[in-house]
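Engineer: The hints should help you fit chain B onto chain A, whose structure is shown.
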Amino acid sequence: MNNPASLTLQNVERPKRPSAISNALVFGWRAVLKFKHVPEQLFDLIMTPLMFTLLFTFIFGGALAGSVGDYLQFFLPGILVQTVTFNAVYSGMGLSTDLSKGLFDRFRSLPIWPLAPFAGLMVGDVLRHLIAGLIILGVGLILGYRPEEGILGVVGAFLLLFAIGFGFGWIFLVLGLLIRTPMTVMTIGFTFIFPIVFASNIMVDPSTMPGWLQAFVEVNPISLMTTALRGLMNGGITLEQIGLALIAPVVLTVVLAPTTLWLYMRR
Amino acid sequence: MNEASPVETTKPRTQTPLAITARGLVKTFGETRAVDGIDLDVPRGMIFAILGPNGAGKTTLMRMLATLSAPDAGTATVVGHDLVKEPHEVRSAIAMTGQFASLDEDLTGRENLILLARLWGFRGRQAKSRADALLSAFSLSDAAAKQVKDYSGGMRRRLDIAASLIVTPGVLFLDEPTTGLDPKARQDVWRMIRQLAGSGVTILLTTQYLEEADQLAARIAVIDKGRKIAEGTSRELKAATGSGFLHIALDDAARMEEAAQLLERRLDATAQTSVEGAELSVPVTTASAANEAIAALIAAGIDVSTFSMGQPSLDEVFFALTGQVTDAEDEKEAVS
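Heads up: the protein sequence lines correspond to chains A and B, in order. Start counting the first sequence at 1; every next residue gets the next number (my numbering). Start counting the second sequence at 1; every next residue gets the next number (my numbering).
Only chain A is shown next, with the shape it has when bound in the complex (with noise of 0.2 angstroms):
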């Protein structure tokens, strides 16, 4: 008779206690490995912001900008920010499926740096950021985008992106946390999301608009994020733009992490 308790149970003593850091990297070595099983995500991911590239290149792109390839080299920059606050929903929708199975119930039983899964979760969204933005930037390219300040200068955009992405999941977590059904996450996390996106300067220069709408734009965190990669990519950045771009994801993660890791104690 096969008698698993013999088998597996000789002194199977714990191993010296690993690091935090060794932890975070276990949980992101699972979010590498859903890339892996559940490829059908990229291309959710990469759907609406294509979509949106297209779309606003070449049928809104001649009126907007005088021609569809001065538009792009003004919206180009934009559609990446859009693309990471997008993607920010995906890990609140991440989280909520895991709490909902049970799965952190272990987790959280085990003798782990508590914030560990979080830091996985993380990764995940810098690979989600990475991808789906180089995949918008080789389509930019071939419809005849020139990032001007060249590699440096996208390789700095990315950077920040990574950071708007880091500052922008931290509510979405929260979001997670808070609220049982996946779906619902993303229900909420886009009723937030279209109006500050779209109230930006992303699509169109704010000039037009009525002077009340152009407060807010001038002071919408995206439009500052949008800004800056427009100088970061395509020439005249300045520190205060950078600086003025990062305002919200540090406060969004000085005021939500500890916030997320209560709410995660909690429960």
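For each label pair, taking beta carbons as the anchor points, the in silico distance ranges come out as:
(1) B/D72 with A/R14: 25 to 35 angstroms
(2) A/M51 with B/V26: 48 to 58 angstroms
(3) A/K101 with B/R44: 29 to 39 angstroms
(4) B/Q187 with A/K16: 33 to 43 angstroms
(5) B/T32 with A/I135: 47 to 57 angstroms
(6) A/V254 with B/Q187: 50 to 60 angstroms
16 angstroms max Cα-Cα, derived EDC-like pairs, lysine to aspartate or glutamate:
(7) A/K34 with B/D106
(8) A/K34 with B/E105
(9) A/K34 with A/D44
Bear in mind the hints are in silico, worked out from the structure with no lab data behind them. Every residue, glycine too, gets a C-beta built ideally from N, C-alpha and C.
Structural biologist: Positioned in the frame of chain A, the structure of chain B alone reads:
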């Protein structure tokens, strides 16, 4: 297979050090006192069952003991560590298999185990060999490379228990380990639990199957509405209800009520009608008393189709303790 009845092995073990002690544990959710002042003493190396119907507070109690939820009042130690003050030490010594398979459905069975082995601190090849050893021990090697979402209920459960054994735990918590399993898978899980206990692991399990507690556990705590209403060995619980039961089925079911009254008068005890309403159960002290009672029924012109004497079932125990029929009845039928 040696499936010794647990009743034979349940001598009180007062000398053994305790794996779990709890005093006055309370957990409230809004107005509801889900756990309302529970004391527990679980000796090391024992299978201890928490038995109760749905919503009795079993899962809430177990989640508190596994550090997943903080008690609102009371104290508890698990393997000598205080639940609230030393949660990390407690977590190092326990493993919990929740009611719903706590596995990543997108990953393969092997990846799930490797993930957990790495979190426990096994590195590279060690983690893989630990995962493979567990997969083979739980007869899952063939499914190692399949995504967990394609597993059957029984396979999931086995993987879930394997995932709790990456490092041999001092205490293993099993929340309703066989709920929703078919009879074959249920037997497999029972066998595993017995073997684990045989190797010295303390097991605290919750169940709503009276039969399961009877089959597996050396001690049983009966929980209802957040309170412990009885505790003891299966035999002690049965003894508390009465030394034995006379079960009677009638030819004419319409005369059940009449028969019940007659039996109650003769035996000076309360008769219960089974859930299906086909059988009467009355506590009796001796076989001759039972004999006389049956004779009295026949003398009164009530024909008895079958009768038997036996120890009370845990269903009857639960009824005697709470005055209500358990929800487990129909589910038991579904799996038996």
